[in-house]
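As a plain string of letters, each chain reads:
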Amino acid sequence: MSLLKMPSEAKKEEFNMLKGRHLIDPMDFTTEEFDEIFELAGKIIENPDRYAHVCDNKLLAALFYEPSTRTRFSFEAAMLRLGGKVLGFSEPNSSAVAKGESIADTIRTIACYADIAVMRHPKEGAPRVAAMYTDMPVVNAGDGGHHHPTQTLTDLLTIKTIKGKLTNQTIGLCGDLKFGRTVHSLIKAMSRYQNNKFIMISPQELRIPDYLRKELESKNIEFTQVEKLEEVISSLDILYMTRVQRERFFNEEDYIRLKDSYILDGEKMKLAKENMAVLHPLPRVNEISYEVDEDSRAYYFKQAKFGMYVRMALIAKLLGVCE
Amino acid sequence: MVTVNSISSGIVIDHIKSGVGIKIFNYLKLDKADFTVALIMNAPSKKLGKKDLIKIENVIDVDFTVLGFIDPNITIDIIENEEITRKIKLTLPQQVENVIHCHNPRCVTSIEAHLPHVFHLVNRELGEYKCKYCDDLYTIAEV
Numbered sequence: 293m294s295l296l297k298m299p300s301e302a303k304k305e306e307f308n309m310l311k312g313r314h315l316i317d318p319m320d321f322t323t324e325e326f327d328e329i330f331e332l333a334g335k336i337i338e339n340p341d342r343y344a345h346v347c348d349n350k351l352l353a354a355l356f357y358e359p360s361t362r363t364r365f366s367f368e369a370a371m372l373r374l375g376g377k378v379l380g381f382s383e384p385n386s387s388a389v390a391k392g393e394s395i396a397d398t399i400r401t402i403a404c405y406a407d408i409a410v411m412r413h414p415k416e417g418a419p420r421v422a423a424m425y426t427d428m429p430v431v432n433a434g435d436g437g438h439h440h441p442t443q444t445l446t447d448l449l450t451i452k453t454i455k456g457k458l459t460n461q462t463i464g465l466c467g468d469l470k471f472g473r474t475v476h477s478l479i480k481a482m483s484r485y486q487n488n489k490f491i492m493i494s495p496q497e498l499r500i501p502d503y504l505r506k507e508l509e510s511k512n513i514e515f516t517q518v519e520k521l522e523e524v525i526s527s528l529d530i531l532y533m534t535r536v537q538r539e540r541f542f543n544e545e546d547y548i549r550l551k552d553s554y555i556l557d558g559e560k561m562k563l564a565k566e567n568m569a570v571l572h573p574l575p576r577v578n579e580i581s582y583e584v585d586e587d588s589r590a591y592y593f594k595q596a597k598f599g600m601y602v603r604m605a606l607i608a609k610l611l612g613v614c615e
Numbered sequence: 002m003v004t005v006n007s008i009s010s011g012i013v014i015d016h017i018k019s020g021v022g023i024k025i026f027n028y029l030k031l032d033k034a035d036f037t038v039a040l041i042m043n044a045p046s047k048k049l050g051k052k053d054l055i056k057i058e059n060v061i062d063v064d065f066t067v068l069g070f071i072d073p074n075i076t077i078d079i080i081e082n083e084e085i086t087r088k089i090k091l092t093l094p095q096q097v098e099n100v101i102h103c104h105n106p107r108c109v110t111s112i113e114a115h116l117p118h119v120f121h122l123v124n125r126e127l128g129e130y131k132c133k134y135c136d137d138l139y140t141i142a143e144v
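Protein sequence lines correspond, in order, to chains A and B.
For the first sequence, the working numbering puts the final residue at 615, and the numbers step up evenly by one.
For the second sequence, the working numbering puts the final residue at 144, and the numbers step up evenly by one.
If you are wondering where the hints come from, they were derived from the structure by calculation, not from laboratory data.
Some clues are possibly wrong.
Computed from the model, here is a short list of chain A residues facing chain B with C-beta under 8 Å [as the list claims (entries may be wrong)]:
#  : residue
1  : Leu372
2  : Gly375
3  : Ser394
4  : Lys415
5  : Ala418
6  : Arg420
7  : Gly436
8  : Ser483
9  : Asp502
10 : Tyr503
11 : Ile555
12 : Asp557
13 : Gly558
Cβ pair distances, simulated, as ranges [stated by the list, open to error]:
#  : chain 1 : residue 1 : chain 2 : residue 2 : range
14 : A       : Glu519    : B       : Glu126    : 28 to 34 Å
15 : A       : Ser581    : B       : Gln95     : 46 to 52 Å
16 : B       : Arg125    : A       : Glu338    : 46 to 52 Å
17 : B       : Glu98     : A       : Gly312    : 22 to 28 Å
18 : A       : Asp327    : B       : Thr76     : 47 to 53 Å
A quick note: this is a predicted structure, and the numbers were derived from the prediction, not measured.
The beta-carbon is built from N, C-alpha and C at its ideal position, and this holds for glycine as well.
Turn these sequences into a full structure, and let the hints steer you where they fit.
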């Protein structure tokens, strides 16, 4: 057998770099691999019909151990628009999980039926455990307050489309930065691109976790932590708003005290740059006033659409059905 | 005074902080060993005042990785033909399994009892370890 690969084989392997991989932490993929996904997402946006049957006969298992509307719909819509089918559960009480089945056993069983699994779980690290027990690609759709890598892909594709680049941005992150998993994933991913700096806007109690702060410090990434949005909004290129999530609090009293701390309204938008982009992972509660929806700088609904396209690209790449 | 004979071949784990010897004995599962083992506790020591030590006879193939996590000041001498042929210098291991437990109530280990508690070294100088699943940080001093 020849050790040399024919050029066509080498090219094929290069295209299949992501085939069969898991996506658990946004750092699982290199920036080049992210680019590969964004490139395919761009092609799908341009010509969705061309990709309408690339997943014919493929099955996606949606394992949602806690309620989710948007992420689940986004994944399901993505698979259906690629021609594939979807099975799964949207809350664990309707599955064998309610009988006490382990994650390892659930994923091994699901792998007998499906080609790819998407998992949301309230416990941090659960999708990593699933990935340990199967060769079927596993995608983390949010694990506790930890990571949400496909939201990160969504956010990055949105920023790249709006700003034309992922470098040299001053990114304000506002709200629940302690339990907000989308924030953690976005910070880690954007800190890999040159000259990005972060302004974290939150109450003391909801600042980013220690491990993340130390990680930024060790990599000499520029960041500041402040308490008031209006003091820093004029310096931002991107404002990433998050909701203060009731389910992340141990204590109802704390939730009520903090939930209205940071609300973006028309007055604060007057202080912002003309080209500042407002992003939000959705759903919002009241952290962005409805009047901001009419502002041309509000991108959060477009962001949701990018989410579906980027998930289409991701599924196609992990299944190895697209160049 | 209790006397334990010197060994002609085997391992001496010395300079263990008094009281920690039994922990090491358990981590290395020496209670299940099919060779002779002596655990000596509260022996007088010039360096430590009191110390524990463990002597293992006729065996030199033991994984000491975990001992670096417990106390890098522990010394390990390999004895062959009544002479010390090798001294093993302990360092913090890259990974420890089931030595410490993750206390994050949101970590998946809190509900999946069969999972090993695995930690990776992230900062050697600070002795900082990160949970493989939830990224929670622990320092040796805390543990």
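Here is how each hint holds up against the structure:
Because the closest C-beta pair between Leu372 of chain A and chain B is about 30 Å apart, greater than 8 Å, the hint is violated. With a cut of 8 Å, the hint placing Gly375 of chain A at the interface with chain B is violated, because the nearest CB-to-CB distance is about 33 Å. Here the hint on Ser394 of chain A is kept, as its CB sits about 6 Å from the closest CB of chain B, short of 8 Å. For Lys415 of chain A, the interface hint holds, the least distance from its beta-carbon to any beta-carbon of chain B being 4 Å, beneath 8 Å.
Taking 8 Å as the C-beta cut-off, the interface hint given for Ala418 of chain A holds, the closest approach to chain B being about 4 Å. Contact between Arg420 of chain A and chain B, as hinted, is supported at the beta carbon level, the nearest pair being about 6 Å apart and thus within 8 Å. About 4 Å separates the beta-carbon of Gly436 of chain A from the nearest beta-carbon of chain B, less than 8 Å, and the hint is met. Given the 8 Å rule on beta carbons, the hint for Ser483 of chain A is violated: about 15 Å separates it from the nearest Cβ of chain B.
Using the Cβ-Cβ criterion of 8 Å, the hint placing Asp502 of chain A at the interface with chain B is satisfied: the shortest such distance is roughly 6 Å. At a threshold of 8 Å, the smallest CB-CB gap from Tyr503 of chain A to chain B is about 5 Å, leaving the interface hint in force. For the restraint placing Ile555 of chain A at the interface with chain B, the shortest Cβ-Cβ distance is roughly 27 Å, beyond the 8 Å limit, so the hint is violated. The criterion of a C-beta within 8 Å of any C-beta in chain B is not met by Asp557 of chain A, whose closest approach is roughly 32 Å, and the hint is violated.
Interface restraint check: Gly558 of chain A against chain B, minimum CB-CB distance 37 Å, threshold 8 Å, status violated. Under the hint 28 to 34 Å, the C-beta atoms of Glu519 of chain A and Glu126 of chain B, about 32 Å apart, fit the expected range. Hint check: Ser581 of chain A to Gln95 of chain B, Cβ distance near 50 Å, so the stated range 46 to 52 Å holds. Restraint check, Arg125 of chain B to Glu338 of chain A: a C-beta distance of roughly 49 Å satisfies the suggested window 46 to 52 Å.
Roughly 27 Å separates the CB atoms of Glu98 of chain B and Gly312 of chain A, a value that falls within the hinted 22 to 28 Å. In this structure the hint that Asp327 of chain A and Thr76 of chain B lie 47 to 53 Å apart at CB holds, the actual value being about 52 Å.
When each numbered hint is compared with the structure, violations occur for hints 1, 2, 8, 11, 12, 13.
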